[in-house]
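Protein chains: 2
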Amino acid sequence: MPYRSLSLLLLLFCHLLVGAQPTKANYFRVVPLGVTGGLDESNLSAYLVAPAGSDLYYSLDAGTLYFGIRAAIRNGVFKGSPSQVLRTQIEGYLITHAHLDHVAGLIMNSPADGHKTIYAMAPAIHTLITHYFTWESWANFGDKGQKPALNKYHYQIMDQDSLYPLPPTGMTVQAFPLSHGNIQSTAFLIKSRGRYLLYLGDTGEDSLEKSTDLHTLWEKVTPLLKNNLLKGIFIEASFPDDQPDHLLFGHLTPKFLMKELEDLAALAGAKNLRGLNLIVIHRKPPEDHMATIKKELERENRLKVHLIFPIQGHPFKL
Amino acid sequence: MPYRSLSLLLLLFCHLLVGAQPTKANYFRVVPLGVTGGLDESNLSAYLVAPAGSDLYYSLDAGTLYFGIRAAIRNGVFKGSPSQVLRTQIEGYLITHAHLDHVAGLIMNSPADGHKTIYAMAPAIHTLITHYFTWESWANFGDKGQKPALNKYHYQIMDQDSLYPLPPTGMTVQAFPLSHGNIQSTAFLIKSRGRYLLYLGDTGEDSLEKSTDLHTLWEKVTPLLKNNLLKGIFIEASFPDDQPDHLLFGHLTPKFLMKELEDLAALAGAKNLRGLNLIVIHRKPPEDHMATIKKELERENRLKVHLIFPIQGHPFKL
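Just so you know, the sequences run in chain order P and U.
At position 121 of the first sequence (counting the first as 1) the number is 106 in the working numbering, and the numbers step up by one without a gap.
At position 47 of the second sequence (counting the first as 1) the number is 32 in the working numbering, and the numbers step up by one without a gap.
The hints are simulated quantities; they were obtained by calculation from the structure and are not laboratory data.
Treat each hint with caution, since some may be false.
Identical chains blur together in the list; that is why a pair holds if it fits in one copy or across any two.
Listed below are the simulated DMTMM-like cross-link pairs for lysine to aspartate or glutamate, each with C-alpha atoms no more than 20 Å apart in a straight line [claimed, not checked]: (1) K64 / E272; (2) K64 / D273; (3) K129 / D230; (4) K205 / E247; (5) K195 / E281; (6) K205 / E121; (7) K132 / E247; (8) K176 / E283; (9) K279 / D98; (10) K137 / D98; (11) K244 / E272; (12) K64 / D98; (13) K279 / D144; (14) K64 / E76.
Please model the entire structure based on the sequences and the hints provided.
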């Protein structure tokens, strides 16, 4: 029957066409509000994450909020003014570390924000309290620190072994320490309806950092990879490969990112990384460096992960 | 002679046409890199100032640098990349106070910057050293504070009664304290070839601030106005007139700005304010508030100063 053969052929063709892409259902919706790793004040690390089909977001880091929300509004992602979206669609903040390029948007937009919780490990909360939400550098919108405390933001200090609900989204989050030069950064493992998303803040490679933080994290997520429960990993690549090791300042290059992925593959099996969504974040300007990082990652992608280079204001699903 | 009459008429017409505008020679070139008073990370207080005919700039505040320079490059003001312009055309920084919306661009762009001097009064320098250029919130690019100091920026603490050269521009600067809620802000009086420009950081109105800082400043610049040596005043108008007094947080509204100008006029003579360039800075989003502030100032402009509303990346002369 020619029609039936044609249908089968078409089905086979479609299957081949999407074969390299993840074909499973989506569990998360991501709206990047800022994607670069520095310099450009209008485009610094911030990723809104909601359960797929929901519009209740948490912000993973908060380097640029206002300008990123405006970009998203222009793309039809949100309706209303940037401050309205800020207040009503961001339920809370997950902060990996308190370097200014990860918190500037949060601090700058605090006067227009509503009452929310900031989740972070102790060192980041401490820096927010002592360096930013003080009456010298800003106003104290937190519920701790220099008096008077305006109590707009509640600080939730995260322990490594605890699971925190992210109300009212239904998502939960767990925090893991990362080594980022002289300070501690954080990886967040977010769960929604039995599936996971892993977001790494700024981090260096284990051996250069004299750390085992990344290896420990890979051990933790290995069962999720083996059971096909991990929908994506956000991980930084700040500099091109020719950046000298002593000028990495606790960051990754494409070759060190891939070295770390090989470590993960050794634990979880290379086949379980094939097609995995790897969202490459924190590429530092200038633009030609950002292009070089992309090319190097594509060239060095022996594990055939699915590389995603997020764009400000352009949502995607995982 | 009909031709001669026509020429005379034309001359008279031209004279009437430009009568309300300052007709004198220009002494300063200004490139606004950021003009709003908050929220929008891409457009925060920063004004490059150079002697007219020169391209050696100092930055008055530094809320947004990279994105503002990019806007100026797109307008043909500068050539090269934002970081090249940052390094080679900004000779140094004058910081009125260390609230994040006035220093974020400086801190964020410090890794790409060259060796420069930061001029400010003691409280702002202290906050830069203890809150931003530390190894918790950033890296210490200064020459004081937490070790190791990377010595990229030299801090010049400004006393009230001293005159500081701004090499190699030929300009000089003097600092005056302003009251901005709980902290001290600063006004900078910049001189180039015998003419002056006055830039006020965030400030509240004297009586609400329980201060005489603005009145003292007006006394200081009165002789300059009387002798027609003051080419312009940069002054803030953060909120519309309907902002309640107890929610001003050390800022001006159009009515309080005009009240302060009346105080200046009482000292210097109303006729010496007529046509004076008044550059209105630090209007806070949302956009409809910014439009209201503009309308209110135009309506309340009984002194007939020449109101200028600067636009990011659009240079003007004074």
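Taking the hints in turn, this is what the structure says about them:
Only between protomers do K64 and E272 lie at most 20 Å apart by alpha-carbon distance; the minimum there is 16 Å, versus 30 Å within a single protomer. For the identical chains of this complex, K64 and D273 are inter-copy neighbours only, at 17 Å across copies versus 34 Å inside a copy, given an alpha-carbon limit of 20 Å. Taking the closest pair of Cα atoms, K129 and D230 never come within 20 Å of each other, the shortest separation being 39 Å inside a single copy and 27 Å across copies. Taking CA atoms no more than 20 Å apart as the test, K205 paired with E247 passes inside one copy only; the shortest distance there is 15 Å, against 68 Å between copies.
In this homomeric assembly, K195 and E281 never come within 20 Å of each other (Cα to Cα): the closest approach is 25 Å inside a single copy and 60 Å across copies. Taking the shortest Cα distances, K205 and E121 never come within 20 Å of each other, neither inside one copy (41 Å) nor across copies (28 Å). Taking identical chains as interchangeable, the C-alpha atoms of K132 and E247 are never at most 20 Å apart, the minima being 49 Å within one chain and 36 Å between chains. For the identical chains of this complex, K176 and E283 are neighbours neither inside a copy (28 Å) nor across copies (54 Å), given an alpha-carbon limit of 20 Å.
In this assembly of identical chains, the alpha carbons of K279 and D98 never lie at most 20 Å apart, being 35 Å within a copy and 25 Å across copies at closest. Taking CA atoms no more than 20 Å apart as the test, K137 paired with D98 passes inside one copy only; the shortest distance there is 8 Å, against 35 Å between copies. For the homomeric pair K244 and E272, neither the shortest alpha-carbon distance inside one copy (24 Å) nor that between copies (48 Å) is at most 20 Å. With identical chains, the CA atoms of K64 and D98 are at most 20 Å apart within one copy only, with a shortest distance of 17 Å there and 38 Å across copies.
For a Cα distance limit of 20 Å, the shortest separation of K279 from D144 qualifies neither inside one copy, at 34 Å, nor across copies, at 50 Å. Taking the shortest Cα distances, K64 and E76 sit within 20 Å of each other inside one copy (16 Å), while across copies they are farther apart (42 Å).
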